[in-house]
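Using the supplied hints, reconstruct the complex from the two chains, each of which is provided in its own coordinate frame.
Residues per chain are reported as follows:
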Amino acid sequence: MSATAQALPTEIQSTDVMISMTDVHKWFGQFHVLKNINLSVHKGERIVVCGPSGSGKSTMIRCINRLEEHQRGKIVVDGIELTRDLKNIELVRREVGMVFQHFNLFPHLTVLENLTLAPVWVRKMPKKEAEDAAMHYLERVRIPEQADKYPGQLSGGQQQRVAIARSLCMNPKVMLFDEPTSALDPEMIKEVLDVMIELARSGMTMICVTHEMGFARTVANRVLFMDRGEIIEQNEPEAFFNNPQSERTKLFLSQILHH
Amino acid sequence: MMDTSNVPTGPRQNPELEEISPPITVVGPVAWLRTNLFSSPFNTLLTILAVLFLAWAVPPFIRWAFIDATWTFPREVLDGARGPNRGDCAPDGACWIFIQARIGQFLFGFYPADERWRVVLVFILTFGAVAGMLIERIPFKKQNALFLFVILPILSLWLLLGGLGLEVVSSRLWGGFMLTLIIACVGIVLALPLGILLALGRRSELPVVHLLSVMLIEFVRGVPLITVLFMANVMLPLFLPPGTTIDPLLRILVGFTVFTAAYLAEVVRGGLQAIGRGQYEGAASLGLGYWSMMRLIILPQALRISIPAIVNTINGAFMDTTLVAVVGLYDFLNIVRTGSRDANWIGTEIDGFVFCAAIYWICCYGMSRYSISLERKLDTGHKKR
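Protein sequence lines, in the order shown, are assigned to chains A and B. Counting in this note's numbering, the first sequence runs from 1 upward without gaps. Counting in this note's numbering, the second sequence runs from 1001 upward without gaps.
Hints in this document: simulated from the structure, not taken from any laboratory. Among the hints, a few may not be true.
Label pairs and their in silico Cβ distance ranges [to be verified]:
{"#": "1", "chain 1": "B", "residue 1": "V1030", "chain 2": "A", "residue 2": "H136", "range": "57 to 65 Å"}
{"#": "2", "chain 1": "A", "residue 1": "H136", "chain 2": "B", "residue 2": "V1026", "range": "38 to 46 Å"}
{"#": "3", "chain 1": "B", "residue 1": "S1204", "chain 2": "A", "residue 2": "E247", "range": "21 to 29 Å"}
{"#": "4", "chain 1": "B", "residue 1": "C1364", "chain 2": "A", "residue 2": "V76", "range": "54 to 62 Å"}
{"#": "5", "chain 1": "B", "residue 1": "D1247", "chain 2": "A", "residue 2": "I80", "range": "51 to 59 Å"}
Every beta carbon over 12 Å from chain A, so not counted as near; a handful from chain B, in silico [to be verified]:
{"#": "6", "residue": "V1027"}
{"#": "7", "residue": "G1087"}
{"#": "8", "residue": "E1281"}
{"#": "9", "residue": "R1341"}
{"#": "10", "residue": "I1362"}
Simulated crosslink set (DSSO-like; lysine-lysine; CA at most 30 Å straight-line) [said to hold, decoys possible]:
{"#": "11", "chain 1": "A", "residue 1": "K128", "chain 2": "A", "residue 2": "K149"}
{"#": "12", "chain 1": "B", "residue 1": "K1142", "chain 2": "A", "residue 2": "K127"}
{"#": "13", "chain 1": "A", "residue 1": "K173", "chain 2": "B", "residue 2": "K1142"}
Where a beta carbon is used, it is the ideal one built from N, C-alpha and C, also for glycine.
Chain B with its partners taken away, still in its complex shape (with noise of 0.2 Å):
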């Protein structure tokens, strides 16, 4: 006969079960090596491909750029007796006193010395402002906004091109990492509320402005930058009465601006068709009219959704300023590349090279992390939390 007293008859509790952890293969530094690195045996062998190859690429470069390099001016130097040169550097490492040698022209060009603390200060009070925008608990928004987009732009201008009382400066002069920033600002500025309005546009059920729109974005679309520069530079001044001249810097920024605007128009018109109609009509149904409902409703979730690609644009954009080498502007990696062809400097392209990555590489990864932050932030949608 059998034995029917161990055989469960209903919900059975066992509290020694419960306390049983998983085993090792399942949480814990094991598990996460088996997962991720080592979980088939493709997988395994690009870990192992991977780790030589960091193996074999990582060691010199530290070596190089840290080890190796040189950091300090020789003695000579520092007394005043002569200039530094390469050959103050060790052969085989990084050359990182060329680099504080120039670092005024890198970051201001040709702008004179005695005049560059108008520059710092308008990046200080840029620097500042943005961060007011940007992190939410710092009050004050509307004032902020007020200083950012009407009072900042005036007070800049007059900061870095003189002129009542303070001595003019040509945008001539500008150059290096401060003409970089002022083309990426003030160009990316522009043409996302420009690229907002094509993006419209296109969408217009007007056939003038669809049609128009268009046009502009097809035509800058189709023409590298490179092109759109030149034009810039030699074709506006032909749409312009005789004899005025504008300032070489502001034809560029004007290219740049539609060039970037067309770009983004695209991407932010990719988000409006994300919008379904329902979010129109439930707006409609209200009383709004055409720009409340866009205001309101339709681009924050249309530019919500587009924000990667955005950003994706406005790097894309921020490395484009140095195209406008092509026209004769020393942007920072032209001014650097200029730098390291002085004859005392020779065979210092990699050192500069390798600093303008890193600056540029900074400022990209900067907008990234911010982008990221961003979205998660307005991420209201369809998800519950």
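With the rest of the complex left out, here is chain A (with noise of 0.2 Å):
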């Protein structure tokens, strides 16, 4: 398990705050999907949501690009605030990448297509300086080989090497990962996890949802325990699981664990 490279350091340099969630409320109709989220991010800062399934942790993520809009409270990314403003929410999206459960890369377009297209049609990049530093981050996810074929002939750890590449060449503050390795075939879990280790090395803002506690250990400066829409705990990672304050953690991570 990638749980073997050595741990990165846990404390931050940084004070500048990069998201902030203050007293953040959702609802889908009648379900109160999440309650009272306060959350801080500082810059570089590597944060691992972790809570049993439906306990609101994609939602809390998607809420920081306003994939999901919030109901109550307040978020603020990079010093803009997330409203209505479609503009603002452009904005942020630019400066916010994201990975998908399952990879959300563009059928119809080869794997350069999909990199360079946010890019040039976003932030008006000349073509050819978009495909260099396409080329770049492929080279960096390791599959350099792989740039003119279409997402439909990769394997699914390629295509979420792809979908990261994608989102770093819109050179992102903060990097979102929602449950990236949960659609992958086991063997393809480390590949992605690797590369998702070198972001962190190099100094990445990155908020993942996961399941794979050994990455956690790895990689996250504080894990956040979520379950029924709240935050519960969070801690440092040895701290987080050598000694969860509360129940319902211990119960989660017993349940993850020990099986």
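If you want it as structure tokens, here you go:
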């Protein structure tokens, strides 16, 4: 498992707040899916969010780039508050990369076109420059040779690495990972986690929803436990895993670690 | 005691076995016949019936259309002594000299004979530009698109209508195959973008846009094309300030375009619905705005899925151009039928219909072949190649 890699230092130098969520609530119809979420993420911080399914983890990180709308409270990303203002939403999305469980690559475009699309059309980067950057990131995720293939021709692990490279091409300040390895065959999980670990080493601010506890131990500065729409507990990984405080956390950890 | 020397104990190699070719019942013409024509008693019966039907129907048609047909004018007509008529044709064969005698009118309607080169020029330019767009190997796509969608329409309008040094030819004189092609091309070229906009409008979250799109689509789809054409012809002038007259052909074009657009909108909407939420989220998470997302991510995929249905609708629209006859325009079919009502050509209806059918079929078959090749080319989807 990737936990064999050297754990990254947990303390962070920067005090700049990258993301702040204050008293955020969200409902799906009558269902109160997020309750009083307060979270601030500093620049360079790496946060792993875990919790049982349906606990609102994905919804929470999807609120950060407004794929989901929150109904109460305040979310500020890189100094921009998320409101109904479409301009602000698009500005935030440029700076916040997201990797999805099901990759969401564009099947009608080649890998290279997937990577250059947003830099060219959103950042107005010249095509040649965007392609050079794309090849650089493909090398970073170790699949430069797949540049001219279509996503449908790649394995799940390769597709997810392309998806990570696609987000990186926008040069984001924050990366959100929404269960990036959950849809992968077991033998492909490591290749994706390795890319994520390398990304963490480079100092990227990251929020990962994942069940990979080895990854959490290696990479996270902070592990967050969510249940029923609330943040129940958060701590440094060592303390979180060795000395969980709440009963719900203990129960969750016992279910996920000893089966 | 048993002799075990012949019992295989592991993977055995027998080169001779691999050389044996499959039995005749698996490959070759016999196998093909068996699987495709005689796979069950019922299929065998169907095969026999189909062969009998073809034997009954095809030879007489071939005799009528080719062997007994009259292809050339008689001596006196060629000498200019008199005009041709139905009597110059064999009574039991197709009368193709009817088509030859009238071909100018069938193609150009009542367009003055001396000015017909203008129409030919327009079609050569259009055909060339369209071929340049459709065939992948030909370069200069951008310049070509500019020519096709900006310069050519203006140039064509000038060439066809006249003015500015050319003799003016009123659109009332347009007719025949030329009119059919003009209505079909202009209608379809305008209807496709309009249909896409209507489809997007129908899926829009803005209530006004949504409601207007739904109303237009459902209204137009709920009414036969003939009614739409009548309304365009009679009602459109009522909405305009009194005294303004619009060219009748233009009214028809508006009606035909809106009608085709409504159908295309529903086809495109079907394609849009097939695109998963993940594609929208993937595009949105990269900071793409609504129009970029639609143009670059959603529509290319949605339209690819809808190609068969779009071509189906366009094919239907091409046929529906014949309905402009009800408001007094002489499209291809109408002018051929009118031609066979001429006193000299009584008894040529079937010949005319067969000729029309052949031309329509060539056009539609061409469209359908192109759509199939386009589908193959764009098939980058989930299949591994």
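Original post:
Would the least Cβ to Cβ distance between V1027 of chain B and chain A come out above 12 Å?
Top reply: Given a closest Cβ separation of 31 Å, the condition holds.
Subject >> Claimed clearance of chain A by E1281 of chain B, with the beta carbon kept past 12 Å >> reply: Its Cβ does come within 12 Å of chain A, the nearest being 6 Å, so this is violated.
**OP:** Sort out whether K149 of chain A lies within 30 Å of K128 of chain A, counting only the CA atoms.
**Re:** The given pair, whose Cα atoms are some 19 Å apart, holds under the 30 Å limit.
Subject >> G1087 of chain B remote from chain A - nearest C-beta pair above 12 Å >> reply: 61 Å, holds
**OP:** State, for the Cβ atoms of C1364 of chain B and V76 of chain A, whether the hinted interval 54 to 62 Å holds or is violated.
**Re:** The hint (54 to 62 Å, Cβ to Cβ) holds, given that C1364 of chain B and V76 of chain A are roughly 59 Å apart.
**OP:** Decide, holds or violated, for the assertion that all CB atoms of chain A are farther than 12 Å from the CB of I1362 of chain B.
**Re:** 32 Å, holds
Original post:
Going by Cβ atoms, does R1341 of chain B stay more than 12 Å from chain A at every point?
Top reply: 52 Å, holds
Subject >> 57 to 65 Å as the expected CB spacing between H136 of chain A and V1030 of chain B, which holds or is violated >> reply: 59 Å, holds
Subject >> 21 to 29 Å as the expected CB spacing between E247 of chain A and S1204 of chain B, which holds or is violated >> reply: 48 Å, violated
Subject >> 30 Å limit on alpha-carbon distance, applied to hinted pair K1142 of chain B and K127 of chain A >> reply: Roughly 17 Å separates the two Cα atoms, so the pair holds.
Original post:
Given the proposed pairing of K173 of chain A with K1142 of chain B, does the C-alpha separation stay at or below 30 Å?
Top reply: 37 Å, violated
**OP:** For the range 38 to 46 Å, tell me whether the beta carbons of H136 of chain A and V1026 of chain B fit it or not.
**Re:** Since H136 of chain A and V1026 of chain B have Cβ atoms about 53 Å apart, the given range 38 to 46 Å is violated.
Hints 2, 3, 8 and 13 from the earlier list are contradicted by this structure; the remaining hints agree with it.
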